[in-house]
Amino acid sequence: MYNYIFLISILLITYYMVIVKRLPALVGGFRLQSLFLFLTTVSFAFELKEAALYIVAILIFVLKVILIPNFLAGITKKIQVNENLGLLLNPQLSILVALILTYLSYLFTFNVMPFTDKMQSVTFALTLCVILIGLFIMIFRLKAITQIIGLLVMENGLFLLAVTMCRGMPFLVEISIFLDVFISVIILGIFVYRINTLFTHIDVNKLTNLRG
Amino acid sequence: MILLCILSIPLLFTLAPLFVKKLRALGRLNAIGHLAVLVTVFYFALNINLPVKFFGFFYVDALSVFFLFVISVVTFAASLFSIDYISKDISGGFISEKKAKFYYALFNFFSFSMLLVPMVANLGMVWVGIELTTLASAFLVGFYNNKNSIEAAWKYIIICSVGIIFALLGTIILYYAVSCVATTKTLNWHEIAPLAKSLDANIVKIAFLFILVGYGTKAGIAPMHTWLPDAHSQAISPVSAMLSGVLLKTAIYAILRFSIITNACVGVNFTSNLFILFGIISLVIACGFILVQKRIKRFLAYSSIEHIGVIIIGLGFGGLGAYGALLHIFNHAVTKSFMFFGGACVVKKYKKDNLNVIKGVVASMPFCGVMLVMGMFAISGMPPFSIFFSELFILISGFSQGRYLVCGLFLALLAVIFGAIVYHLSRILFGKKPEELKAGTEALSTKLSFLFLLIFMCLVGIKVPVFLNKIILAALEILKGINHGL
Numbered sequence: 001m002y003n004y005i006f007l008i009s010i011l012l013i014t015y016y017m018v019i020v021k022r023l024p025a026l027v028g029g030f031r032l033q034s035l036f037l038f039l040t041t042v043s044f045a046f047e048l049k050e051a052a053l054y055i056v057a058i059l060i061f062v063l064k065v066i067l068i069p070n071f072l073a074g075i076t077k078k079i080q081v082n083e084n085l086g087l088l089l090n091p092q093l094s095i096l097v098a099l100i101l102t103y104l105s106y107l108f109t110f111n112v113m114p115f116t117d118k119m120q121s122v123t124f125a126l127t128l129c130v131i132l133i134g135l136f137i138m139i140f141r142l143k144a145i146t147q148i149i150g151l152l153v154m155e156n157g158l159f160l161l162a163v164t165m166c167r168g169m170p171f172l173v174e175i176s177i178f179l180d181v182f183i184s185v186i187i188l189g190i191f192v193y194r195i196n197t198l199f200t201h202i203d204v205n206k207l208t209n210l211r212g
Numbered sequence: 001m002i003l004l005c006i007l008s009i010p011l012l013f014t015l016a017p018l019f020v021k022k023l024r025a026l027g028r029l030n031a032i033g034h035l036a037v038l039v040t041v042f043y044f045a046l047n048i049n050l051p052v053k054f055f056g057f058f059y060v061d062a063l064s065v066f067f068l069f070v071i072s073v074v075t076f077a078a079s080l081f082s083i084d085y086i087s088k089d090i091s092g093g094f095i096s097e098k099k100a101k102f103y104y105a106l107f108n109f110f111s112f113s114m115l116l117v118p119m120v121a122n123l124g125m126v127w128v129g130i131e132l133t134t135l136a137s138a139f140l141v142g143f144y145n146n147k148n149s150i151e152a153a154w155k156y157i158i159i160c161s162v163g164i165i166f167a168l169l170g171t172i173i174l175y176y177a178v179s180c181v182a183t184t185k186t187l188n189w190h191e192i193a194p195l196a197k198s199l200d201a202n203i204v205k206i207a208f209l210f211i212l213v214g215y216g217t218k219a220g221i222a223p224m225h226t227w228l229p230d231a232h233s234q235a236i237s238p239v240s241a242m243l244s245g246v247l248l249k250t251a252i253y254a255i256l257r258f259s260i261i262t263n264a265c266v267g268v269n270f271t272s273n274l275f276i277l278f279g280i281i282s283l284v285i286a287c288g289f290i291l292v293q294k295r296i297k298r299f300l301a302y303s304s305i306e307h308i309g310v311i312i313i314g315l316g317f318g319g320l321g322a323y324g325a326l327l328h329i330f331n332h333a334v335t336k337s338f339m340f341f342g343g344a345c346v347v348k349k350y351k352k353d354n355l356n357v358i359k360g361v362v363a364s365m366p367f368c369g370v371m372l373v374m375g376m377f378a379i380s381g382m383p384p385f386s387i388f389f390s391e392l393f394i395l396i397s398g399f400s401q402g403r404y405l406v407c408g409l410f411l412a413l414l415a416v417i418f419g420a421i422v423y424h425l426s427r428i429l430f431g432k433k434p435e436e437l438k439a440g441t442e443a444l445s446t447k448l449s450f451l452f453l454l455i456f457m458c459l460v461g462i463k464v465p466v467f468l469n470k471i472i473l474a475a476l477e478i479l480k481g482i483n484h485g486l
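First to last, the protein sequences are chains A and B.
Everything in the first sequence is counted per our numbering, starting at 1 for the first residue and increasing by one.
Everything in the second sequence is counted per our numbering, starting at 1 for the first residue and increasing by one.
I should point out that these hints are in silico values taken from the structure, not numbers from a laboratory.
Do not rely on the hints blindly, as some may be mistaken.
Unchecked claim - With a straight-line Cα cutoff of 27 Å, these simulated DSSO-like cross-link-like pairs (lysine-lysine) come out:
hint : chain 1 : residue 1 : chain 2 : residue 2
1    : B       : Lys101    : B       : Lys352
2    : A       : Lys118    : B       : Lys197
3    : A       : Lys78     : B       : Lys147
4    : A       : Lys206    : B       : Lys294
5    : B       : Lys351    : B       : Lys101
Make the full structure from the sequences, and use the hints.
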């Protein structure tokens, strides 16, 4: 029962991330989303009595709820750019797109994926929707940091999928993926610094030297 | 045990810059290390009975050995080429000594991550390995730390990460399909393959679509190729050769592993049609962009997209076509690295990279110029060089299956690309050299790296070496054998 409350909350937080206009709010949204991902994982671990899932949950808490959001918030503060996200689509249109994406992933799941269990279909549709909205954030928000957050939202969606559908990936794989994600966020952060020093902005739509 | 050797050499050499003070010595040591990797892979392929499993973590069969061989040939050549290239970069004031050491550390870590990919048994670990190659090479793409290279590195890491997330989505969906039928949950591909027949066909098809789009992004298959020309043209040149030569192929390797399972489950037609479709799109896009390129390394990068197209079309044909495709993977790796080395020498000498401006390369750089003339014909697919033959195999297989439309398009596009390559390169190769440029030749290590690759280009064109033929045939058995259900 708790699971479904958590899942719905994750979806609602994802919608919230689509409509926010400022960077710190987006980072906060990501932290909250990761927190609910942590809660979902714990509740699944409790239900299935799997020790590996507890460890995964702890990793989610340490990395995605504490370290990565702090790191991103730190960058935002340090480079002191304009905190506005630079929306390519305004919040009203964005939430409309998010709803359309939700409907599409619902259609995809119920027409294409051959699940027999209805609950499974719902969770799959929900995670697919989170992944698609992550992609949407990457494309329609113009700051370099928002692209990192979009990527992380997509990854959260994947973890949710792995936990809810497959009860987690094999343990070693899961740990390595965590490590990879963490390293990639740090490397991306370093590049944000470099972009900021070289270009004096972090607007990715203005990175247009290389063409054709 | 030998397997661990192959992995541990580059991993240990990642630390070498901490202990070796002199840069030239470091460069030489690096080349020796990669020679050792190459020799070990060679020894391994000849003397060990495949497949080898251990720790339940590594699983190496002929297909893996083939990719290991390709990777180690190209990394060895790149490490030879690096010696002089890096010292010229330092004397030219582009990078500091400290940064050069950083380069050697990353170079080794990059080659480690690429060697890891074909060795691991677990499809999830394959994903981790491929993500690791992106992370290791991101700083090598943005190495010069100027506006263009940082922009290229950013696009590279973002686009490839998104692509690879879709690949992970595909992997999870496949894992779900497996966990529905298997008693033990596993992602080890050699344990999944025997189960393939009992998997749900629709789920496997969807998983494969995500896999193809995801790893296809990393492999530079059009239309997901947009990061490739930027990254390959901005990376430091020995690394451009590795990116083009082998990084793309590790992603192809991952696609192949999944296609084996998919073929066993839903039949060959599904994957083969997809391969041919994406291959033709890649050829069309590469053809258009090659015609209008102005910069030499960008031009070579688009040529990589063309060859990736050729490879996956060959894989789509299957049979002799798949043989041609595997051979083409090797030939393209060797020839394209060769061309990137040549291009790098030209850019170093002329200090510009515009195809319209550079003139008289043969006159000003006799050795490198002659090499580039040969490379120009090799990369565009003229006999007696090796690429001609692998493309010929693919075409024969296509025509014998009666796929006239695909083969006709393939031939027409290759003809246009041939014209474009010869036109662009002959403009820079011939003509009068600028007055102020003194004719000069390259360092011995650079020459050796050219000659090392040239031997393979010519040798495979005359006759496929017995050793290579043996691994490719064994790898084909793996691709095919499971087609009939193990």
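Here is what the structure says about each hint:
1. B:Lys101 - B:Lys352: 26 Å, holds
2. A:Lys118 - B:Lys197: 25 Å, holds
3. A:Lys78 - B:Lys147: Holds, at roughly 21 Å.
4. A:Lys206 - B:Lys294: 22 Å, holds
5. B:Lys351 - B:Lys101: 24 Å, holds
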